[in-house]
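With the hints as a guide, bring the two chains together.
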Amino acid sequence: MHDVLVIGGGNAALCAALTAREAGARVLLLEASPREWRGGNSQHTRNLRCMHDAPQDVLVDAYPEEEFWQDLLKVTGGNTDERLARLVIRASSTCRDWMRRHGVRFQPSLAGTLHLSRTNAFFMGGGKALVNAYYRSAENLGVDIRYDSPVDRLEIQDGRFVAACVGRERIEARACVLAAGGFESNREWLREAWGQNERGEWPADNFIIRGTRFNQGVLLKHMTAQGADIIGDPTQAHCVAIDARAPLYDGGIVTRVDAVSLGVMVNRDAVRFYDEGEDFWPKRYAIWGRLVALQPGQIGYCIIDSKAVGRFMPPVFPGVKAGTLPELARKLELDEATFMRTLNDYNAACRVGSFDHTVLDDCHTEGLTPPKTHWARPIDQAPFYGYALRPGVTFTYLGLKTDARARVHFGGEPSDNLFVAGEMMAGNVLGRGYTAGVGMSIGTAFGRIAGTQAARAALKEDAHAIA
Amino acid sequence: MQSLDALTRQAVALANGAAATAEVSRQMQICNACRYCETFCAVFPAMTRRLEFGAGDAHYLANLCHNCGACLHACQYAPPHEFAVNVPRAMAQVRQETYTEYAWPRAFGALYRRNGVTVALATAAGLALFLVLALAMRGTLLHEPLAGNFYAVFPHSLMAWMFGAAFGWAVLALAIGGVRFWRGQSPGPVTPAAAGEATRHALALTYLDGGHGDGCNESDDRFTLLRRRFHHLTFYGFMLCFASTCVATLYHYALGLPAPYALTSLPVVLGTVGGLGLLAGPAGLLWLNMRRHPLQGDPRQRPMDRAFIVLLFATSLTGLALLALRDTGVMALLLAVHLGTVMALFLTLPYGKFAHAVYRVAALLKWAIERRQPNRLQLGAD
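Those sequence lines, one after another, are chains B and D.
End of the first sequence sits at 467 in the numbering used here; the numbers just go up one at a time, nothing left out.
End of the second sequence sits at 382 in the numbering used here; the numbers just go up one at a time, nothing left out.
All clues given are correct.
Stretch-level coverage of chain D by chain B, calculated; a stretch enters the list once three of its residues show a Cβ under 8 Å from a Cβ in chain B:
#, stretch
1, 37–43
2, 65–74
3, 80–91
4, 214–227
5, 364–378
Just so you know, the hints here were simulated from the structure itself, not pulled from any lab data.
Note that beta-carbon positions come from the ideal geometry of N, C-alpha and C, so glycine has one too.
Chain D with its partners taken away, still in its complex shape (with noise of 0.2 Å):
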């Protein structure tokens, strides 16, 4: 079973074009004479611990590169050189064979080649439809103000169970591409030490930082920690609105408080900051998205990119505009909009950009591991 499954991985590689790995393994031979970027992120040092490298190394690398850019503009081989050596953009290219290659089920591997942001809002416009129109039929789409009594629209069951299957999908999918991803390497035994530290870098998106502290690159060689900030916002956004959830749930469940909840309650008060950073991080990611310098990245795979961002913004905004407007009329529609639009960021969820976040933690963790292995080579340095 694990050869045949190893063979469909191959064949499915082939099919992708194994160029890109092929790719890498080219850059990284340059890089590995040169080495005048060690100190930027992980990747390098990573490097320097190998003389050969394979399509498992490719993959690892690639997971563990950042995409902050700054290779590029300090690289005396890059275009116009003739060893035309762009590290960022070889490295976006093998994370999407990474993401499609390892993605369950299989099939569904190829929605990352197509996951742009008309698909992504189209199928949040979709299933938003759905629900408005099943309201409508019910003739409860327009009513007297409910004082925000979500559950006088769709009964809590019904959104439990819906949210509760595609959520439990999302992380099963994700989980099974990680598992499938760590099995192609061997790190050997997670300690503690090395967990801790892996989570560590993940958190604080240290190699975002440049090396330096000023940052990385985006549309030229200057450094800016603003793709930092703007994850940061992103990211403690989205777990801040995780944690409302969460908490509600627990108000639910173990205190018997269903909602509606006062704006001053936690589930409220989380849920409207989280909200808010995850309006300005993806705003501010798609702005530096539109701007990043053009030969930063995989400009072939910007639509899967701005899909995840949009689909991010676009919960946050109609989330926050349901709490604004949920003492009125129109709080069903715009709850069957938000719900829509949440359905459709968890479904697209394994099929998208966010599984770099599974990866990458993947790649920093073996990096974690590797770093404190004694290295097998004797280079004798200088």
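If we strip away everything but chain B, and leave its shape as in the complex, we get (with noise of 0.2 Å):
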């Protein structure tokens, strides 16, 4: 029998296997994926957020608990656990050499990535080299892997973990850490969460799975039948705005259109909806998907001119292009008469000063509702390009509820042998919003208490059992 079962193949759940061997234990570590998709969303994650007092290898300036705090609270609004923020923040600050040790690679601080390179560590090569290395780690160290074996129950007694089902097979183990992520790649509860809107529409139909779809939320929806305590809003999730013809799961990074901010967003009605240049688009972009699901049939358009071309990240698809705005109307399927006036009002009201797409500048717009409060410009500029938006969720917040010590709850109560990390319980840090790289951070730093805390309650257990 093994010390410490690790359930989920991920971020989180190799980190807990690796602190849980490194603790001693013998580790079993069960992925639901096959080999060559393991790795859950960690696989598509690039960086993860780092507090830090002082330049430190590759992280430039400083990034000091506090900020990093009111970073959190901002985009959560409030929605957050401070002493478990807290505690992932402090832990960010000193999680890399560990990281190091299992083999992760760290990119040095890229010039065009300036903003970034002070508060997030990329890895090189991406989440994939990540979870590369921490496998290799873990098989080196002696955890036993195992892939194609989701777990669909567990059997617990009195708040403890007992066993794992796989099918038919029942795994026993001393103590048990859930890291399997959340629902988003399971359709049919994303439509039921989501419901159906005031158009009769089931909005989460038309929703694209940025990540694995491995995440079918067995394991939450069984925890929440046990009777777990449970966090968050199964409408809250990450959620950008990607295009539309991304594959339906793993489109990762590369569907991401970030030409918004240099255009206009028209809905299927030919009409804007909101202030395209509130903010720079890695601070705004995860609120764009909501917005894209709230519009009718979950369509969004990013129109740009040739203006804006070399001056936003290559997408992977090319856009629709046309010679003429009514062209392009007409290429998208759109209106051509509302189109016209949503673009021609647009354009009579651009207020043009000093355009610099890398500051929030003086270019807006007047009279105009919703207004575009920075980098308006006419779209006036042949050829123009429009890009097909569709919500992309990245992940879900609802998870379980947890403590300082990573311990699943039964009616308020603590459990003393079974934890959770990840996706499963970023909810309680993460309760809505989202800022670059924090999921790797809350699993990084709750994969390696749940690990330690495993097989603490484990090895105790067993020198229970000898005396």
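See the structure below:
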């Protein structure tokens, strides 16, 4: 029998497995996916947000605890547990050496990402390289790993973990870490959570999943039924606007279209619905998924002209191109008259000062609803481009309530051998909103806590058994 | 003339299926939107300076790629993902297209697709047999020990002419290929700083270090410095052998000191050390080549890779055997076999794997020039 069973195969699960093994426990990790898809959503990540009081290896300048906390407070609108959040923030400052010891390599700070190289440490090669490194390290340390092993239920007695079941197989262990992700890949559950809108539509039917197809939320549902304490709103998720042509799963980073702040966004009725120039795209793009989800047909169209080309990250799919705006409307199958009214109104309202897409500039609209507060320049230079965008869900926030020891709770009582980490508990810290790299910070901090605690719980029990 | 040249090249490219460059273009579009591999090697930062990837860009980036494999294992879009991104393979396919397209004489470009171990060894064996038979007919194949005096078997001037001509041909053919490649690119003027940097990267094989110093990937996602080290042994072994020949030539003409040279003499020491490197390096590279991850590189090019590796190994092996047995009665036989092998190596040099050196250095030089120029794109990175 193993001491610690880790359910899940992404960043948090691997951190838990590694720390438990380092603490001397015999560890078995169960990954639901086949080997080639291992790593859950972590394979699509790129960096983790790190506090630091002075320049540190790949991080420039300083990003003190208070600033990190304020950033988190801002994006969550206070929907966060301050104690757990500060735990994550502090852990983020000391985890990189541990990560390096397990083979993770970081990028030297790049000139082009100066803003993010202050707050975020980038994995060399991205999240899949990190996941590979952790799996290699786990294998070297003697962690047992099984792929194609989705756990569908747990045996729990009086709040204590007894065994996990993979189909008909029953796997016992002294302690268990749940790190099996959210439920965003479960289309039925998303449909149920988002319900039917006033137009009679089921919005979630038009969502695209940016990450893994394996996060079906089976254990989340099962734990709810078992009476575990749940936190979070099922409709809250990291949801961005992505190219409508993106694959249903695993489109990852390339499907983003970050031209929104350089042009205008219109909905299926060819009217604008939000201030595209509110703030920089990295700060605001996490809101556009929800904004598009609220539009008819859950679709939006980003319209730019050729002045914008070369000023935003190249999108993976080419835009729909047209020589004139009416032609673009026809190609996008938007009502031509409304589209032209929207664009003409916008163009007439632009007050162009000195355009600079690298700062919050003074180009704005006047007398327009909604306004465009920065980077407002008339869309008038052919050729014109349009990109259809849909809501793309990265991960969900509904999860298990936990504490500083990563324990699963039943009716307010903590379990003494069942722990939780990663996306399954991120909602404790991140009740809504998002800021780049914080998911990996939570996963790394709580993965390591859960692993340590699980090993301790298992080995203590072992010692009792021997005595 | 220039336009005819271009037309012919296009026709050849089409005949070879310009699909390879189109595939690089498709994959680079995906990579450019992702950029997670930015610090592995020079290919990705070079890519970020472009929004579109024409045939010229594909050839440039393909030859900048060292086939280290790190980007395949790190790729979230690698097969079985439907985007099926496999940069090392796509780049390898375009590299072969580069060699074929820019080959001189053009008709010989087809040799790149037929250059396998069998062809290489057959060439070597044929040439060796020719020399052996020539000696046998003159009755000088087996002989009393000649105390290592090769010129008693083949006159010095004959060898100098034969190998000078073969080597000269190889240099000319590769140089013309290199110039044709460079003409298709327009990187701007070569500065001493850029030339120095390109030379350093070529000599140190910087881009086989994985960007983090742990090396590149071979059979799995583990990093290893083995390929870099085996390549170093091969290259520097080759250069020592070359230096040995140069020193011997100098001894012969400038100092009036004809071979044979003592075991402790400079030419023999250089040749011996180089020869040992040229045994260990190619053996290691062949071993790695056979264990390579099935998705890495272009498996169809393995015969070409192996042919070159095996010829290098055979050249070194026959050379060292000749040195060891030069005082015996089989010297002439061994000399004939060694010279045949060396001749085969020289003749196939411009139509085999060796060509990668020319185009890779050119691509490194272009990158060294290009990265010193301001980037015209203003993507507002984050």
